[in-house]
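Peer 1: Protein chains in written order, with the numbering used here: chain A, 1 to 51; chain B, 52 to 231.
These are calculated hints, taken from the structure and not from any lab test.
What you are looking at is a predicted structure, and each value in this text was computed from that prediction instead of being measured.
In this text, a Cβ means the ideal position worked out from N, Cα and C, and glycines have one as well.
Hints may contain errors.
[Stated by the list, open to error] Stretch by stretch, here's where chain B covers chain A in the computed footprint (C-beta under 8 Å, at least three residues): (1) 1-7; (2) 11-24; (3) 27-41.
The lines below spell out each chain.
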Amino acid sequence: MMSGLFLLYFGVIVLALLRYRLAALVGAFFVLALCIVMFLHHATDALGLRF
Amino acid sequence: MSFRKTLVLYLNELWIIVLASIIGGAFIYSAISQELPCPLCLLQRLGMIATAIGPLLNLFFGVRGIHYGYSVLGLVFGASVSIRQILLHICPGSGSYGGSVFGFQLYTWAFLVACCSLLGVAFLLMLSEKKEEFREPQPLQPLAYFAIGYLSLIVLANVVATFLECGFGFCPDNPVQMRY
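All chains, please: the whole structure from these sequences, using the hints.
Peer 2: Shown next, in the form of structure tokens:
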């Protein structure tokens with residue numbers, strides 16, 4: 001699942017290469033939101049909360 | 052193109068190369084020392100990539116505040132993950148995750164990188180004061196092509212390595228062996 005986040009960032013770079021500014025920006029914010037969700041999962045998992 | 056704009060674009064390129072080199076360094080360190088990166092280590096790398104996306108967008112679409120804003124969000128995310136991991140091992144006797152480089156663990160270095168990136172954003176924002184001139188995108192320089200290619204290569208290498216370590220599911224908290 002974590003490799004998917006890296007892959008999505010690669011997709012953002014490709015979108016920027018293709019000059020789709022809005023798509024690259026929206027994609028970048030979306031991936032960052034997913035990263036935060038993943039961080040919350042791992043942080044709360046260590047506390048035993050199982051987010 | 053004014054000297055100031057040339058300098059800002061050059062610093063953006065340099066910023067991408069430095070961040071990609073740091074991620075690549077961590078990647079090589081993990082490979083040499085046979086230590087698999089933990090989920091928080093991978094999230095710190097993602098934070099650094101998020102930080103590098105801002106200057107990358109600056110190179111493609113002109114220097115804009117939203118691009119720097121995205122970098123700040125990425126570095127704050129990376130710093131939060133680093134602080135979380137530092138606090139996990141801050142109590143005496145709680146040990147540490149992985150080996151150290153120049154006396155600091157990799158997660159401590161990740162926090163320092165986030166702090167330096169914050170200083171870099173502040174400096175670049177001060178330089179990018181003339182908004183109208185900076186908004187106009189410029190043709191990419193050879194160094195920009197190198198920076199973008201280098202970052203893409205590092206991201207792709209991380210895709211493969213992370214997939215081999217974690218597969219399709221969540222990464223284990225303390226990985227001991229590759230999944231594939």
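Peer 1: None of the hints should be skipped; say for each whether it holds.
Peer 2: Going down the list of hints, with the structure as the test:
1. 1-7: holds (count 6)
2. 11-24: Per the Cβ count (7), the hint holds.
3. 27-41: holds (count 9)
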